[in-house]
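S.K.: From just these sequences and the hints, can you work out the full model?
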Amino acid sequence: MPELPEVETIVRELRPHLTGQTLSHPRLYHTDVLRRVSRERLLRTLRNNRIADVSRRAKHIVIELGTSERLVIQPRMTGSLVVYERRLSADERRYAVLQVRLGTGTQLVFRDVRRLGTIWLLSPSAWERYTRRIGPEPLAAGFSAARFAAQLRPSRQAIKKVLMDQQRLAGVGNIYANEALFRARIDPSRPADRLSDAEYRRLFRTVRAVLREAIAADGTTVRDYRTGTGKTGSYQFVLRVYGREGQPCTRCRTALLTTHSIDGRATTFCWRCQGKDA
DNA sequence: ACGAGGTCCTGCGAGC
DNA sequence: TGCTCGCAGGACCTCG
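Residues 97 to 374 in the numbering used here are what the first sequence lists, from first letter to last.
To be clear, the hints were calculated from the coordinates, so they are not data collected in a lab. Some hints could be false.
For each label pair, taking beta carbons as the anchor points, the in silico distance ranges come out as [said to hold, decoys possible]:
#1 S120 <-> D359: 22 to 30 Å
#2 R182 <-> T227: 30 to 38 Å
#3 G339 <-> R135: 34 to 42 Å
#4 R140 <-> R252: 42 to 50 Å
#5 R182 <-> R228: 39 to 47 Å
#6 R210 <-> F239: 30 to 38 Å
#7 F239 <-> A312: 15 to 23 Å
#8 T227 <-> D293: 28 to 36 Å
#9 P344 <-> T127: 43 to 51 Å
#10 T227 <-> P344: 38 to 46 Å
#11 E181 <-> P250: 45 to 53 Å
The beta carbon of each residue, even a glycine, is placed where N, CA and C say it ideally should be.
M.R.: Quick look at the structure:
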């Protein structure tokens, strides 16, 4: 799914298209994506409402409405939110979950092949509770290596799993966890409470570098991800470990390995560069 | 509290 | 060719 860089790209592209627009003709094609909101209330709230702002929190797209409620979309694995300034093709209409007209032939469409994505409609107080449960933003101006370490270190779980724990740190998923750990030369299976201060400083730097570089490249398109205007990202061409099992390590040329032993997710790494106490 | 594993979905590629 | 199986950018839940 879209991780932080993909959602940031979507939001940056959509903001100028959406801000100030009035919504009409909302259509919901599947109700199983709704969380704590009925189809009726969602459609009623969207109809003739105005978009006040579009932003990102962790991996979630936040559309603030003129009535100060927030439409929050979690794309999860295969969701994408795209503005079309023309009619949709049959293929684009396929897998549409939510569609809203923005005016003169322009449509905002949330589509999601696997439909693991979710849609929330939150009051200001519900939003406050929602965002409070998510960890700090890794790219926030005041975020520091010390704060980063303080968030992750209390856990004895594998550092890779902890890095992806949204309650400890916002926005890092499987692709960027793999990339950041490789670049910091840290074994993904190491317990988080056993990393040194120096290792946390390294990991802090590589997490932020990888996320920033991925945003600059408009994100990583493995299969389904598209930017807010329907384009693919380009960071997939820059990945050093994710999806490169068996290929040579960019640093030492040793063949990269993949394990599923950490949280059941694919972890690709260089056993030589990311060895036990490398 | 922790880890393991299932669940929600559909599509795709590998292997037989 | 046509099947079954496992796996896929995530997060939430239950069980032991």
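S.K.: For each hint, tell me whether it holds in the structure or not.
M.R.: Hints, verified against the model:
Take S120 and D359: their Cβ atoms lie about 43 Å apart, and the range 22 to 30 Å is violated. A beta carbon spacing of about 35 Å between R182 and T227 agrees with the range 30 to 38 Å that was offered as a hint. Checked against the hint of 34 to 42 Å, the pair G339 and R135 passes, with Cβ atoms roughly 38 Å apart. In this structure, R140 and R252 meet the distance hint of 42 to 50 Å, their C-beta atoms being roughly 47 Å apart.
For R182 and R228, the Cβ-Cβ distance of about 40 Å falls inside the hinted range of 39 to 47 Å, so the restraint holds. In this structure the hint that R210 and F239 lie 30 to 38 Å apart at CB holds, the actual value being about 32 Å. The hinted range of 15 to 23 Å is satisfied by F239 and A312, whose Cβ atoms lie roughly 19 Å apart. Here the CB-CB span from T227 to D293 is close to 29 Å, well matched to the stated 28 to 36 Å.
In this structure, P344 and T127 meet the distance hint of 43 to 51 Å, their C-beta atoms being roughly 48 Å apart. One distance hint, 38 to 46 Å for the beta-carbon pair T227 and P344, holds here, with the actual separation near 42 Å. Checked against the hint of 45 to 53 Å, the pair E181 and P250 passes, with Cβ atoms roughly 48 Å apart.
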